[in-house]
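Number of protein chains: 2
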Amino acid sequence: MKVMVLGGDGYCGWATSLYLSAQGHEVSIVDNYVRRQWDHELGAQTLTPILPLSDRLRTWSRLTGKNVDLFVGDVTDYDFLLGAIKQFEPEAIIHFAEQRSAPYSMIDRKHAVSTQVNNVVGTLNVLFAIREVQPDCHLIKLGTMGEYGTPNIDIEEGYIEIEHNGRREVVPFPKQPGSFYHLSKVHDSHNMMFATKIWGIRATDLNQGVVYGTMTDEVAMDEALINRLDYDEVFGTVLNRFCVQAAIGQPLTVYGSGGQTRGFLDIRDTVRCIEIACLSPAKRGECRVYNQFTQQFSVLEIAQKVQEAGKDLGVKVEIDHIPDPRVEAEHHYYNAKHSKLLDMGLQPHFLSDSLLDSLMNIAVKYKDRADPTIMLPQVNWRETRNGRRMQTNIGDGMAVRAAQAAGEPGVAAAGKKGAKN
Amino acid sequence: MKVMVLGGDGYCGWATSLYLSAQGHEVSIVDNYVRRQWDHELGAQTLTPILPLSDRLRTWSRLTGKNVDLFVGDVTDYDFLLGAIKQFEPEAIIHFAEQRSAPYSMIDRKHAVSTQVNNVVGTLNVLFAIREVQPDCHLIKLGTMGEYGTPNIDIEEGYIEIEHNGRREVVPFPKQPGSFYHLSKVHDSHNMMFATKIWGIRATDLNQGVVYGTMTDEVAMDEALINRLDYDEVFGTVLNRFCVQAAIGQPLTVYGSGGQTRGFLDIRDTVRCIEIACLSPAKRGECRVYNQFTQQFSVLEIAQKVQEAGKDLGVKVEIDHIPDPRVEAEHHYYNAKHSKLLDMGLQPHFLSDSLLDSLMNIAVKYKDRADPTIMLPQVNWRETRNGRRMQTNIGDGMAVRAAQAAGEPGVAAAGKKGAKN
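So the sequences go chain by chain: A and B. Under my numbering, the first residue of the first sequence is numbered 1, with each subsequent residue one higher. Under my numbering, the first residue of the second sequence is numbered 1, with each subsequent residue one higher.
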């Protein structure tokens, strides 16, 4: 099957591209490297050292004999996107090419606007392009479980049947998202439902939970294929961040009481869910919605699991409760359905002690690359101008790396405590 | 009360600005005249001859002694918007400054994208500006009844209480809008609900029905104050368009069977609803939603009422059923609640025979300005590139005006049939 992965250089996109290629699908990647640019903007780097995409793809080709096509450009540039789709003629398009961090969207007005414009315009472009040049192509779009918020009723998969004043109707599940980023995904979902209806195109909206893990069989084949592992306060997903905090001896930063409950999944299940959706496409005119996660935990439960895993490795892990920078319920009912992908054959990787050990081991392996200054939250939902401050006067991790890169001994560089910005 | 009207040069905005000024409120208008630019783009002009805004405001001042402040600029330009709000310090902001035509948003991809970006970014800017410099200011935002679509259940005002699997919750009413324009308003509504919650600002979302009529007490005071009356296929609301079609002897163009049922209101009720919302502001952190219409009719019922009114005036009115260019249900259940504004004191102007007579009289009065070529639909929801064609080879209305403006006799100009574009 010919599959085009928009955002194939990112965390989920990279793992998905290689997995689909390994399964024998013909894969192309569309990416403009803006995710790497955001790293520079934020003064944060993935814990794992990732190579340029061209090097990654050459390694993949050398190891497996499989080629992944690459189109470098921005999906908000319609002429570029249309050209890529015309040339590759995909049967499925997987759309990861969005700004996907809630804190990033809450930094200030410009980040809120750029997140919503980027995501909404990109998805509109994909919908128009499919209709105009590849109308039978199946769009598989990454949404988020965060679109639903935390209502006091069970969360269904995309739609809910309501009885009201004696009449019944199946309607889109009401959305109560919790950031300008999550809102952008809600906007996308509404635009997709409409476009599938008026143009008869095929779409699957995957409302994904919080993803954890770095290793899939494919990226484990060679250090040059390693996936990114974000642990900073802006792009780091919670379990990944906790593992890195534990590995470097920082307390785990639980926001508030930690009763916030969310759906979680292993990145190995992300890639499999995408393939399941590809192999069984939506019908023409259908906008399917699947909730893509395998287990639900509270943030405090996640922290306690990391603490337990630390014990096994002889690492003492503390849990800090810090003021919640987000506006969200710290205790709430949460029961989200997620049976559709299981019914279609997903065999979940559950979060187990052994898995936690291996996540922790990866964090420990790369801990010298960790920057301890980028994990405390600096983006407060209640403010409209969150001036993030990068710390450069610290004596480990980042400063040592900078010194090494500059040919200086680490200690000398770490001694330069003057420069704050 | 100090009230700032964003989009005060438009159809609803102009009537509202003068009404509020007449009631003794201190009013300012923010507008960038893009609505007049769209007239030029579409080759369509309001039936009524409207003056430049500066002339309108001078006339208002001369007649009433009341000044309306004017800020010329674009609400998507944050620095401009922030400056205007800082200077005027409004207690309420009425936000009409959006692209408000469904067909305009469906012309092609560029119009879909520009509609959603303009409306979403403008509203985000207003929300941020209120939070940053005028946090107690009450935002009154124009939504649309079209946000709800036509579900098979009663439509509530913004929120609905659901019982699901034995649990109850009040949630935002599920939205199923029918154009990229209507979708932009749904996006706005979600953004507003979130912003009010995290920042504690005040907002009222007025989901307005289809507005009809031109005359309010204020604009009737002088020909120089006359409001716009749009009757073209893109910006013309249905009752206004039908009256003009009747006045110039064209059949009324009912899309499909005409069973599409919508909420309607007189523009005199629009302005009063806005004042009611102003005088009783939302609480801090509250996002109220009112359905702003007074009666519901099917499109065919509207056409039949115009036909009846024509009889009284001795005008024979025919009704044509043409293929529906939109993707929408032609027969459906429709029962939308609209009691909140009535409870707060709205005294509705119902659509009556005498009102229809006066609407028809205005259409007849200005019928020499009517362009008979701009009323048939050229924008088809099922297509992604609707190249609209302006007709310049016709022998009446527009051509005569153009000839007069050029100093030529009308017949000579009308005889030039060569130029099509």
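Heads up, a few of these hints could be off.
Computed list of lysine-lysine pairs in BS3-like fashion (alpha-carbon distance at most 30 Å, straight line) [what the hints assert, rightly or not]:
1) 110(B) <-> 197(A)
2) 311(A) <-> 365(A)
3) 110(A) <-> 2(B)
4) 110(B) <-> 283(A)
These are calculated hints, taken from the structure and not from any lab test.
Comparing the hints with the structure gives:
1. Our distance criterion of 30 Å between C-alpha atoms is met by residue 110(B) and residue 197(A), whose separation comes to about 20 Å.
2. A C-alpha spacing of about 17 Å is found between residue 311(A) and residue 365(A), which places the hinted pair at or below 30 Å, so the restraint holds.
3. In summary, the hint linking residue 110(A) to residue 2(B) is supported, as the alpha carbons are separated by about 28 Å, within the 30 Å threshold.
4. For the hint linking residue 110(B) to residue 283(A), the alpha-carbon distance of about 27 Å falls within 30 Å, and the restraint holds.
Checked against the numbered hints given earlier, this structure breaks none of them.
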